[in-house]
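**Student:** Here are the chains, one letter per residue:
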Amino acid sequence: MPRVSPLEVYRNLPGTNCGECGEGTCMAFASALIERRKSYEDCKPLVTEPKYAEKLEKLIELVTPPVKEVVVGTGERACVLGGEEVMYRHELTFFNPTAVFIDVSDDMGEEELVKRAKAVEEFGMERMGQVLRLQGVAIRAKSGDDARFGEAVLAVAESTSLPYMLCSTQPEMIEVGVEVAPERRPLIYAATSENVEEMGELGARYSLPVVASDASPQRLLEIVSRLRSAGVEDIVLDPGTAPPGRGLGRCLERMAALRRLAIERGQRLAGYPIMGTPMVAWLDEEDEVRAAVKECIIASAQLLRHADLLVLHSLEMFSLLPLLTLRQNIYTDPRVPIQVDAKLYEIGKPDEKSPVLLTTNFALTYYTVASDIEAGKVNCYLLVVDTEGLAVEPAMAGAKLTGSVVKEAIDTSGVAKKVRHRKLIIPGMAARISGEIEDVTGWKVIVGPVDSSRIPAFIQEKWSPNGDSGG
Amino acid sequence: MKLEDLLTKLVEVDSLELENVEVDVEELIMSVKQSMVMLARAAAPQVQRVEQRAEAPAKPEEVSFELPVDTYPGRIEEVTIGATRAEGGTRGYQVKIGGQRTLYLFEGGWVNKPVVSFDVFDMPQPQFPKALREVWSEYWDSPGEWAKEAVKRGADLVTLHLVSTDPKVKDTPVSEAAKTVEEVLQAVDVPLVIGGSGNPEKDPVLFEKVAEVAENERCLLASANLDLDHERIVRAAVKHNHNVLSWVSLDINDQKTLNRLLLKEGLPRDRMVQDPTTAALGYGLEYTYTMIERLKISGLKGESELAFPVSCGVTNAWAAREAWMNVQEWGPREYRGPLWETVNALAVMLAGADIMMMLHPAAVQAVRELIDSLFSDAEDASTLEWLKV
Numbered sequence: 000m001p002r003v004s005p006l007e008v009y010r011n012l013p014g015t016n017c018g019e020c021g022e023g024t025c026m027a028f029a030s031a032l033i034e035r036r037k038s039y040e041d042c043k044p045l046v047t048e049p050k051y052a053e054k055l056e057k058l059i060e061l062v063t064p065p066v067k068e069v070v071v072g073t074g075e076r077a078c079v080l081g082g083e084e085v086m087y088r089h090e091l092t093f094f095n096p097t098a099v100f101i102d103v104s105d106d107m108g109e110e111e112l113v114k115r116a117k118a119v120e121e122f123g124m125e126r127m128g129q130v131l132r133l134q135g136v137a138i139r140a141k142s143g144d145d146a147r148f149g150e151a152v153l154a155v156a157e158s159t160s161l162p163y164m165l166c167s168t169q170p171e172m173i174e175v176g177v178e179v180a181p182e183r184r185p186l187i188y189a190a191t192s193e194n195v196e197e198m199g200e201l202g203a204r205y206s207l208p209v210v211a212s213d214a215s216p217q218r219l220l221e222i223v224s225r226l227r228s229a230g231v232e233d234i235v236l237d238p239g240t241a242p243p244g245r246g247l248g249r250c251l252e253r254m255a256a257l258r259r260l261a262i263e264r265g266q267r268l269a270g271y272p273i274m275g276t277p278m279v280a281w282l283d284e285e286d287e288v289r290a291a292v293k294e295c296i297i298a299s300a301q302l303l304r305h306a307d308l309l310v311l312h313s314l315e316m317f318s319l320l321p322l323l324t325l326r327q328n329i330y331t332d333p334r335v336p337i338q339v340d341a342k343l344y345e346i347g348k349p350d351e352k353s354p355v356l357l358t359t360n361f362a363l364t365y366y367t368v369a370s371d372i373e374a375g376k377v378n379c380y381l382l383v384v385d386t387e388g389l390a391v392e393p394a395m396a397g398a399k400l401t402g403s404v405v406k407e408a409i410d411t412s413g414v415a416k417k418v419r420h421r422k423l424i425i426p427g428m429a430a431r432i433s434g435e436i437e438d439v440t441g442w443k444v445i446v447g448p449v450d451s452s453r454i455p456a457f458i459q460e461k462w463s464p465n466g467d468s469g470g
Numbered sequence: 000m001k002l003e004d005l006l007t008k009l010v011e012v013d014s015l016e017l018e019n020v021e022v023d024v025e026e027l028i029m030s031v032k033q034s035m036v037m038l039a040r041a042a043a044p045q046v047q048r049v050e051q052r053a054e055a056p057a058k059p060e061e062v063s064f065e066l067p068v069d070t071y072p073g074r075i076e077e078v079t080i081g082a083t084r085a086e087g088g089t090r091g092y093q094v095k096i097g098g099q100r101t102l103y104l105f106e107g108g109w110v111n112k113p114v115v116s117f118d119v120f121d122m123p124q125p126q127f128p129k130a131l132r133e134v135w136s137e138y139w140d141s142p143g144e145w146a147k148e149a150v151k152r153g154a155d156l157v158t159l160h161l162v163s164t165d166p167k168v169k170d171t172p173v174s175e176a177a178k179t180v181e182e183v184l185q186a187v188d189v190p191l192v193i194g195g196s197g198n199p200e201k202d203p204v205l206f207e208k209v210a211e212v213a214e215n216e217r218c219l220l221a222s223a224n225l226d227l228d229h230e231r232i233v234r235a236a237v238k239h240n241h242n243v244l245s246w247v248s249l250d251i252n253d254q255k256t257l258n259r260l261l262l263k264e265g266l267p268r269d270r271m272v273q274d275p276t277t278a279a280l281g282y283g284l285e286y287t288y289t290m291i292e293r294l295k296i297s298g299l300k301g302e303s304e305l306a307f308p309v310s311c312g313v314t315n316a317w318a319a320r321e322a323w324m325n326v327q328e329w330g331p332r333e334y335r336g337p338l339w340e341t342v343n344a345l346a347v348m349l350a351g352a353d354i355m356m357m358l359h360p361a362a363v364q365a366v367r368e369l370i371d372s373l374f375s376d377a378e379d380a381s382t383l384e385w386l387k388v
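Which chain is which? The protein sequence lines are R and B, in order. Positions 0 to 470 (numbering that gives the first Met the number 0) are the ones given, in order, by the first sequence. Positions 0 to 388 (numbering that gives the first Met the number 0) are the ones given, in order, by the second sequence.
Since the hints were made in silico from the structure, they are not lab data. All values derive from a computational prediction rather than experimental measurement. Take the hints with a grain of salt, since some may be wrong.
Computed from the model, here is a short list of chain R residues facing chain B with C-beta under 10 Å [said to hold, decoys possible]:
{"no.": "1", "residue": "H89"}
{"no.": "2", "residue": "A189"}
{"no.": "3", "residue": "S212"}
{"no.": "4", "residue": "S228"}
{"no.": "5", "residue": "A280"}
{"no.": "6", "residue": "I296"}
{"no.": "7", "residue": "G388"}
{"no.": "8", "residue": "A390"}
{"no.": "9", "residue": "A398"}
C-beta: ideal position from N, C-alpha, C; glycine also.
My request is simple: use the sequences and hints to build the entire structure.
**Tutor:** Written out as structure tokens, the structure reads:
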């Protein structure tokens, strides 16, 4: 892989180990730079002392990601596209999750348009401790009337703080849209072989990001080249999107090829974020459910082929949820360990009569269970046993969740001192070792629900600290 | 307030702007806000225009695009599942998987398409989510009927899971399981994957028996893992002419260890498929995704102990509550569930999986469409069509 080594970075640092950056040594700082935990600006001597000017220049070149970061919008909701350094997440991590924009069009009627834009802005779905969001609005000039387009842009700009993109192949139309609020930093869609002069001039004049669009990679890169020479610095690549029956396969290949050119071949013209327009699914599909399904499939596939920005039409949760969950998965930092500490966790404000629930130290299992218990406002102890990072079912299959593993967890956690009862609620999927746990630990085992979302109801119905073997 | 802002800004800007105001008086009254914003903002860019023009535009760089094709020292093993009469079996066709010489299709080194296998169980599955019960409950009393329906619904392969043989489930004797295998072999003529109970004591005995009754059918025995006597499974497979699935739990070192052991025990290279474990979308799918990518990349780079086709139990998608739970805010589950399985399948496929084991017909259909699309030369030249939706 052409990734920079810490040694190469180190050569362009002062080498004084001054520690001003917070790292112990320049070598440690070099590693931190590569992992993007630190920025080169954190090296004060390098950026302030003239004698390091040459090193600084080389360093910036070394640590600048091969895919340029392009910012669309401003303020808290501004969205950063690209900035990626690797083809495969295990080589480092992916940095900027694919932005999902939802379209509106200028023939919608202001009320509907504003309603839609607000729905995009307010969309939020909590999952595993993160809120899944939509990033922006794509405003399409469909009416052909520039005044109407201007009004539509104004309506979006005034009713939300979201980034937006202006979509038309007519430069005059785009200009009207831009002038509504150029300081909101809209994304211009799109420069084509036919209009690249005008779009390039617009993008440069207002210092705005511009999408280059063409299904032929050769022509696409020519447009990029012309935009650059017109003075446009921030570019997004649109290599075209087609539904499965009409060439999705080729679209996905173009995306992978462009990203490889940027990352593994150092081709600067390809070194920009890539976008897709899965909403093409709506072109040849009358049925709304089928269209939303198809759109989700195209979007998911493009997300996995490095798309940094996707334009969708559906606001249906059934089709957005799989896509946004996939994004959450793929953009998870693989450097972060998969396990949580095996120990006793307090959820809410448990006391000596509170239930004790058991789960495994697989991070996803833990977060799912903990968030369900929190959501149900149950005060309890959550005993997390060390299953070497396996979820309940594989842990059972691999004999990592056994009576003696549970005994060990009870003994080392000190849970016996925290509660007066001796009752343990185990996951429903671990039912078949309930007897074994009772035999080894002497605690009474209650088999809980198979799915942790049922825990709050289960506790309410079944839990009592008193009774046969309780305290 | 806003009108005052506008007036203030108009004063700051030079007199040129007043012309517009004159022209647009009516419009200003009708949509005051719009004109205000437009006018107020007209001044700012002027400054930038001057700055930009100070720089003479550079000549556009020459462009010559070439597909970035890599060459790889390794090759993924090609494995054949199923044997027709010509090969001594009774299957209607053979399925070939793997055989890649390149990571991407566009690099030209792909010879086989990924395939879809439908799961069939040897006992009713009342715990299935509603969307699956609705499709399969009609058939689940008879594995043969279930398999037939699966083939009708577009299965390239059928995976028969002998789950009832688990001592903790029904402890069905191996002799009876063997009959079930025969029943399915007679009901359908697609190549067969045979799944065990997951019980480490029972599975070696079970596979010895079913390998024998399915002799020469070149099935895929699923699976050998590090917790059981895999040597017995390898011997049975070799003796009776089958393939073996090498299954580990999301650990690439375990995969290498197990593959090495199976090879050492006599499994020919073209008889091994590997399964890194498929985590559900939303519940660790990224680990599976990355492990498949690593397996493929390592294999192609020449790490021969990992250069085998990959099979994925995509059915695990249904373990995610988002796939089956009735939660209003998540939208109708009858659409959500199959889509969850579809996205799970396409993720492992784009990572490099060769077999997707699946359950919902709608998901299977979507995945097959995607496979066709990947291998089709259909080309839609327009990039801007979506603007017309």
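**Student:** Which of the listed hints are not met by the structure?
**Tutor:** Nothing - there is no hint that the structure violates, so all of them hold.
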